[in-house]
Each structure stands twice: as structure tokens, then as C-alpha cells.
Amino acid sequence: MALDDLYQEIILDHYRSPRNRGACEECDHSVHHDNPLCGDELDLALQLERGRIHRIAFSGRGCSISQASASMMTERVKGETLEQALSIAEVVRRMMHGEPPAVDLGDLMALEGVSRFPVRVKCALLPWMALRDALSRGTSRHEDRNTEEPR
Amino acid sequence: MIPERAARLVPAGLDPWRVRRDFPELRRPPGEKPLVYLDAAATTPKPSRVIRAMSRFYEQRYANVHRGVYPLAEEATAEYEAVRDKVARFVGARAPSGVVFTKNCTEAINLVAYAWARRRLAPGDEVVVSELEHHSNLVPWQEACRATGATLRHLRLLAPSGRSAVEGEFPLGGELDLDLSQLDRLVGPRTRLVAISGLSNVLGTITPLEPIVAAARGVGALVLVDGAQLVMRAPVDLRRLGADFFAFSGHKILGPTGVGALVARPELLEEMDPFLTGGEMVLDVTLERATWSEVPHKFEAGTPMIAEVVGLGEAIDYLEALGLASIREHDRHLRDHGLSLLRSVPGLVLYGEHTAAERVATFCFNLVDERGELIHPHDVGTLLADEGIAIRVGHHCAKPLMRRLGVPATCRASCSVYNTVEELETLAGALARARAFFSGHGGNSPSTAERPKDASRGN
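Here the protein sequences line up with chains A and B, keeping their order.
Convert by adding 42 to the 1-based position in the first sequence; the result is the number in the working numbering.
Convert by adding 18 to the 1-based position in the second sequence; the result is the number in the working numbering.
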């Protein structure tokens, strides 16, 4: 288990300089997720326009893995359709469980090393669970929900 | 051997390098990283004599207790009951009949919550707990109060006035003592029970129990002390302390998992109905009803954890052979060196650093990076793990205290008899490297850099 697999430069870069971090006034989909085990918290807000993710922003606090994962996720899914975004979320989820992705995930491939650190998989998936939740729940606002990965 | 270092750093009384040899788990197989185990507050490794005592018992003396008339059964019963006497002596209980074996400390507290609180409390009654309790000495009382209509009240920590690491974000590096000036207001004629931890599992501070017990005594309330962290770190004398209930776990004092004890005044146990019912705890049973055995047996339904109790007895023998005064002295030595080592780590916020309370070698802290942002304890823990250092990161089953500290989680390093100052030096070095790493110095993880000092020499 090499530590460099986990803390790849790309992950540290997103952690130190997160993209799309902050509030989003125009967003109409927002969810709050937390990981009760380690206390990571994530607020995710997005706005859909003509079936595509037009705006997306996150805030919260957590470890480098959850924060970097959130930052990379917002970059990757911005401009995607709802279906494409959900499909990417599923590929990432499977990758965290050791299934190599069939499609090129770009920067997100840096998360692959997390799968070798089982206790950190939940950290990496926290923003993706929030995304899935936000997309599937339409316009509900500020609902509290714990992240529980489906089995 | 490094005799000159050992001579410099080891106080008279307890030689941790020698003690380490008694713990097989601390000797890692060749090729594995040396283990710097700093998580005693979660659980301790076991000395080989505890492991051997349990094997020997299973191989030679094992039978069910309090039943058979054949020699093995009598021997097993004698060994089991001898540990009851030992536990009573060890914590200064008035009588062995006040010692009830339980699964762990949590079950011991729940025994009181179910067999006493839920049957005695009524609306208008009050239970007092502190703000720094482990969930196991908080949730049972929340639930007992909810079920009975009693009110739960909280002894709070002093308002924070320490230096701020980052204003508004995680402000507490300062005083985290319990505010004993609230006692008069909190503990009154409605108070039926004060349930308090003897030593904070997070901060490592020893609770000033005397004034708390005195306040409860003054109004006729009972006192339960959660002794999970206190036992073995400080000598416990229940007769002097005057607590009515005392709970602890075996696995935190070098004994096996699966055994703990509730120690209570026998007459108090006699007034209580059983918690669990079934075999081994009855005097007589008809098809309609049953009567109970004498204390403590009426609280030990079913076949107990016999071998674990034997293991606990061996752990107590081992602790007494080391000497509780020597253990305390060694802990102070680690505490003093640990505090000064951790203070030297840049960006480290030590919680409870300036408490008035006596403290032990359990250190609770967070790292702040050069931008002034919290480095999440999980990241710190992962980097330390890569260097073979085992600390606990998370909320330590004390979420209300985490909220009070204003952080989602903290790091905690906790020591025991086998730990050395050199290991704390290794910890401090690794923490400094972790901070540099997350502050953006160098793309490589610290593991690829050379460890300046390998303190964990083999055993």
C-alpha cells in the first residue's frame, strides 16, 4: 500500500486549490451530506438548465480525499446531462470497489488509488453520493441526510 | 541495546523497554515496519502471560462454573471467583459480592441504567452527567431519562479562554476543565444520580471526583464513575472515593476483550432487580415465577465469560507486579515529555493543554497547515500509519465534546506501560512531516523521505 497512490499530486492540487468551492445563489438543487464516522460534511448545490448541469458548487469541511473528490467531481460533471453525470458517478463508485473504469475519467483516475485504502473509500464517495441525491431529488432544499452507500 | 539512551530516559521503577518484551504484538515480524502503538485509550495489546493464562485455563481447567460437582467444575469455579476477590481488592471495593462481571464497561453502565435507573427514576427526578462523557456514559442516561420522564442535566466545561489557533474555526487550545462552580446549582434535591467519567478518554484529564461525589452525597444522590480510562492509570480506592457504582473494561487494562465489571455497594445491588434473567441467576423457579440468587450472582445470567475473567485476573496480577505507583510515574514521565515534544510541532493545537486538572499521557490535538486551515485528522492518521504509528483519529465516541471544541474530529495519541519517550519523539517528527506535506512542501509523501530517527528498535 503506497501512500503516493492515495495522495497523488492531482488530488493534493484539488485539495489545496479547490474548484467550484463556495455558495451558489442561483442553484435550485441543494443537499447536505455527512459521513458520521469521520465528521466530514459536504453541501452540494447545482442548477440544471435544459437537462444539463449548468452551475455546481460545494462547501463543507473534510479530509483531503473528500474535498479533492468534490472539487474534481464539480469540474467533471459541469455541462453534462443528468444521465451522463449519474453514469460517471456510477463508474466512480465501481472504481472505488476495485472495478477498473471502462471509460476515460481524466483527472478522476487519480482517485483510483483510494480503493486500496478501504477506510477512505467513504471519503472519496461522499460528494458522489451527494450528487446522486441532488439529481434524483429534484428541487428539495437543505435536507439533512447521512450518506449511506447503497449495497 | 542502547544503554546510554535508556539510562537517560527511563525513570527508576518501570523500564518500558523491558516491559515491551512482554507484549508479543509489539514485536512485528521481520520485514514489517516497527509498530509505534499509541492507542491505549482505545484498547491495549496483551502481555503474553495473559494470553497464556487463558490458553492454560482452556487446556487444563475449563468447565462451567457454579454447577458441576466434579473436580474440574470446582476448580474452574474457584479460579473464576478468585478473580472476583482480586478485582475487589484492586479497586478497593468493600466486598467481592459487589463485583459483577459484565461484557465490558458499556454493559456495566447499562446494567445500572436498566436495573436501577429505569425502575427508580420518575418525572421530576434528575440525572447529572458531564459534557466530556464518552457516549457509553451519556446515551444510556439519555435513554433512561427519556423512558422515565426524568431530566438529564449537564456539568459543562469552563468557558474557553485559551489562545485561538484560528479565530472562529477551532478556537480551543485553552482551558477545558469542568466548571465545578456549577455543582451547587446542578446537584440538588431532585438529583438521583451523578454519572461521571473518572478520566476523559479524549483530553486525558483526571476528573476531580472528590467535590463531585461530595456534592452528590450532600443531596443523597448516587454516584456512578465510568472508570474505563482511570483504572491502571491511577490507583483506584472505592472506599475512599465513596462512589456507589464503578464501571470498567478488561481490555483497556491489558486484559482480554469480552470482560468488564460493575463494582457497587452490595446492599445497593441487593435492592436492585436483575438486569438479564435466565440460568445461573435464580434461587428457585416454578412454572409461574422465579426468585433470585444472592448478589452478585443474580446479575450474571447465563454462562459467563469464564476464560476472559481468568485473563482479567492475570492482567491484574501483571499490573500489580509492575506496581501501580511505578506505572503512574512512568505515565507522568511520558506525559511531560510528550507535552513538550508536541508543543514543539509547528501548527499543532493541543486540547486541554492548560487544564488545572491532573492529566495523563493521553494527548488530543489537531494540526493546522501553513494557510491556517485544519488538516483533517484522517489525513494525519493515514500519514502516520504509513510510518508505522498507530493513533486514533475521529470523534472518540464523544461527539458533544467535539462540538464544544468546534472541530469535526481530533487526533489522539495515548500511552501505556510499553511506550517510550523515543516513540513520542517519532510521533512528533512524523507530525511535523505530515504538516509540511499538507502545507505543500514536496510532492512526495513523507514515507519516501528518510525517517530522521527510528525510535522503535526491535525488542
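These aren't lab readings, by the way, just hints derived from the structure by calculation.
Any given hint could turn out to be false.
A short, non-exhaustive set of chain A residues, derived as facing chain B with CB atoms under 10 angstroms [claimed, not checked]: (1) 44; (2) 64; (3) 66; (4) 67; (5) 79; (6) 83; (7) 85; (8) 129.
Result set (EDC-like, lysine to aspartate or glutamate): computed pairs, CA atoms no more than 20 angstroms apart in a straight line [claimed, not checked]: (9) B:104 - B:92; (10) B:51 - A:83; (11) B:121 - B:298; (12) B:417 - B:92; (13) B:417 - A:83; (14) B:121 - B:149; (15) B:51 - A:46; (16) A:120 - A:149; (17) B:51 - B:298.
Note that beta-carbon positions come from the ideal geometry of N, C-alpha and C, so glycine has one too.
Here is how each hint holds up against the structure:
no.	hint	result
1	44	holds, 8 angstroms
2	64	violated, 15 angstroms
3	66	violated, 22 angstroms
4	67	violated, 23 angstroms
5	79	holds, 7 angstroms
6	83	holds, 7 angstroms
7	85	violated, 14 angstroms
8	129	violated, 29 angstroms
9	B:104 - B:92	holds, 18 angstroms
10	B:51 - A:83	violated, 33 angstroms
11	B:121 - B:298	holds, 16 angstroms
12	B:417 - B:92	violated, 46 angstroms
13	B:417 - A:83	holds, 14 angstroms
14	B:121 - B:149	violated, 25 angstroms
15	B:51 - A:46	holds, 17 angstroms
16	A:120 - A:149	holds, 14 angstroms
17	B:51 - B:298	violated, 47 angstroms
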